[in-house]
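Dock chain B against the given chain A, drawing on the hints supplied.
Protein chains: 2
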Amino acid sequence: MSTKYSVPRGFRDFPPEVALFRRRIMELIEEVFERYGFDPIETPVIEYWETLKGKYGEEVESKLLYRFQDPWSEEWLALRYDLTVPLARFVASHAPTLPFKRYHIGRVWRHERPQKGRYREFWQCDADIVGSPYPEADAEVVDLVCDVMKTLGYSGFKVRLNDRRLLKGVFEEELNLSRYGEGKILEVFRVIDKLEKIGREGVEGELLKAGLSRHEAEKIMEAVDVSGNPEKTLSELESRFRGNRNVEAAVGHLQELIAASSHREDITLDLSMVRGLDYYTGPIFEVYVEEPKIGALAGGGRYDDLIERYGGPSTPSTGVSIGLERIIDAGLELGLFNLKRKTCTQVFTVSMGEKYWSYARSVAREMRREGLRVQVDLMRRNYRKQLEYCEKKGIRAIAFVGEKEASTGTVTLYFREEKKRYEQTPLKDAIQILKREAQ
Amino acid sequence: MSTKYSVPRGFRDFPPEVALFRRRIMELIEEVFERYGFDPIETPVIEYWETLKGKYGEEVESKLLYRFQDPWSEEWLALRYDLTVPLARFVASHAPTLPFKRYHIGRVWRHERPQKGRYREFWQCDADIVGSPYPEADAEVVDLVCDVMKTLGYSGFKVRLNDRRLLKGVFEEELNLSRYGEGKILEVFRVIDKLEKIGREGVEGELLKAGLSRHEAEKIMEAVDVSGNPEKTLSELESRFRGNRNVEAAVGHLQELIAASSHREDITLDLSMVRGLDYYTGPIFEVYVEEPKIGALAGGGRYDDLIERYGGPSTPSTGVSIGLERIIDAGLELGLFNLKRKTCTQVFTVSMGEKYWSYARSVAREMRREGLRVQVDLMRRNYRKQLEYCEKKGIRAIAFVGEKEASTGTVTLYFREEKKRYEQTPLKDAIQILKREAQ
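In the order they appear, the protein sequences are chains A and B. In terms of the numbering used here, the first sequence has 508 at position 147, counting the first letter as 1, and numbering is strictly consecutive. In terms of the numbering used here, the second sequence has 581 at position 220, counting the first letter as 1, and numbering is strictly consecutive.
Only chain A is shown next, with the shape it has when bound in the complex (with noise of 0.2 Å):
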């Protein structure tokens, strides 16, 4: 087959027997995500250009968007690169009722280079509190992928906390980093996020190569290598840098935050997870498991100044996005899935010949009545070949329809694994006997 028919790189197709489970993996997530109070939105996949641009960095701006001339207006568009500035954007300009707490599971593109588990085309599911500044509000952003996570079937997953602030207050005040200009900072905060990509001296090079000091850069690495138990440790930051205004915002913010969260036992404090993006402004987590090591399955975080800049009032936000490819690949390794269902179909009216096909469609057509899933030969095939279809295809039960089922109302059902038979059944208890059986 020519490459110019297939799916451009980085892209994928689902065929049933994985859109079924990907589906059923999306809708464990909205349940709970609906059990917290969260509402769905839709946004279109193509926004402005300028709705996107300056809200994730210079690097996602220039390398990993995808940015094109609409070809009537030539307007520049994108399609979207997350689903958090949409939100934002959402929010400026249809004002919904505070606090907005709303969740969307869609597609988002980035030009990463294709590589197992990374493609162009991914699902993001967020779930966002649009409009409290508190603690809580995290804590329960934190309590909802927790419970997204055991819902699933995970267990010895980590949640990692952290807090921009924390870096920032010793970034400015104890180095003085922000006369280097406005945006050193948040420089550093996308050198740091290499660290698992680069290691640490790779992220001590880019440092010196973005301009510090040896000393600067030393001082970084030590306030990165801070982790451990969350209460003990922000208790010796809290200590350690009294009086440091951002310092003491994050520690208190962050101890509220494990004191509101129902999961406590499963946060870590660790100053070395920063988030690649720039809209962050206060706490900021992500969660992983021990194996398979795939980075992190979720992540999000506060976002306080980001509606602001689309024109609307001051509305402090915060949220958690969830990868599904990761989350799904990760599970799919460890076991926790069932990849078995190869269709959602749940019987088969085999017609014994032609003479029967009239019956075997009336057959069909009362049990789609009652809500059951039915296939009819649609191809003119002998009954071997309708078998041979069911086998390929995993589906459970089988209604075969013949001269004494025709002549007396009636169908012979069979199930393929269990090899048990019902002879000549009434039609409707033979439904009876599927809904209970083939579901």
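These aren't lab readings, by the way, just hints derived from the structure by calculation. Errors might be hidden in some of the hints.
When chains are identical, the list treats them as one kind, so a pair holds in a single copy or across two.
[To be verified] Taking lysine to any residue pairs in the SDA-like style, the calculated list, with each CA pair at most 25 Å apart, reads:
(1) K654 to S588
(2) K519 to S723
(3) K580 to E592
(4) K477 to S434
(5) K796 to I386
(6) K765 to Q793
(7) K414 to S434
(8) K570 to N537
(9) K753 to S675
(10) K796 to F382
(11) K703 to F483
(12) K703 to L389
Note that this is a predicted model, so its numbers are computed, not measured.
Coordinates of chain B only, in the frame set by chain A:
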């Protein structure tokens, strides 16, 4: 607000009350699709331009398709224009077991002039049977869409049926239009497709402009005028065009289709209904309601050659596409749908003061564990403000939490609309009441 922070022209946001409603409609459609034995697939929203090229007709390609260059590889990409061509590409690359019955509900993009009910990003709900050349497959697709209409509450809709081979037979053998070259008949179909938009005179004018003689244009309009009861009209055509290979094939196919359908009474034959897309080869149909007059709510047909064009073997196929926007807009005008639900939250735990925050949270936690959809105050508001929020958001049930409740492990339930109150109810009982009465 600056326009650059709105959505692009022809694109839309869906706030929760609309998103919840649209999702409900999509779920109902999915349920019917699944009852007929269709399984879901997903494909990328972006395809190579090469994949879409030459499938829809020249006007679509030059005026309606969102096409752009990949910013990095400079390959030409396009946003999908429908879900049928991606399906054909999917089948050619994955070679699924036949018949392959798939459904797909998703967005497509067309650079239409935005107007009431017409958007540049909109949703299609497609179901297709890939691999069957037989009329019973077409009949199943027609029955399916009739069932969708009934499930959504529509009555009095009509299926306009035609077969491209009827007109082709007349055009080729009676008028010898083939002498104008291969593409002329497709061009004539595209002109006839504009009948509703530009009227009879408009169509005749365009036919002359396309180089046909006045006599040919008149004969075409005469052929197109045929419509009415399908059985009667088909046997008239049969005797009038005896020996015309295309007409005979079409008549036989449509007669069997109608015989196999359980919605015969909803079908009329209409030779002026030709569908705008180039890929159709046999029976085609559209679904209309008398009022409101907003064009076809759904349409589809047989496309036996499309999949081959992607290098697969000959794979006769037939399917339907339901326009989500139109079916919603028409249903709203007809009063079929209830748009009242503004949130999926069932209950809000109102705390009577700071002292009860922690108890309120533990109540919410317990309710969520039981599957209820719960919100708890995250804004540190007094109880009046919390109640105002519940009213604005349309949350049905309140669980008050104050001194008495916290000390006895109870809540006081209140149903806003019914003004029904359950004083200090043990949490377990309250949860049962909510499960019963706050769905």
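Next item on the list: Please name the hints from earlier in the document that this structure breaks, with their numbers sorted from lowest to highest.
Entry: none
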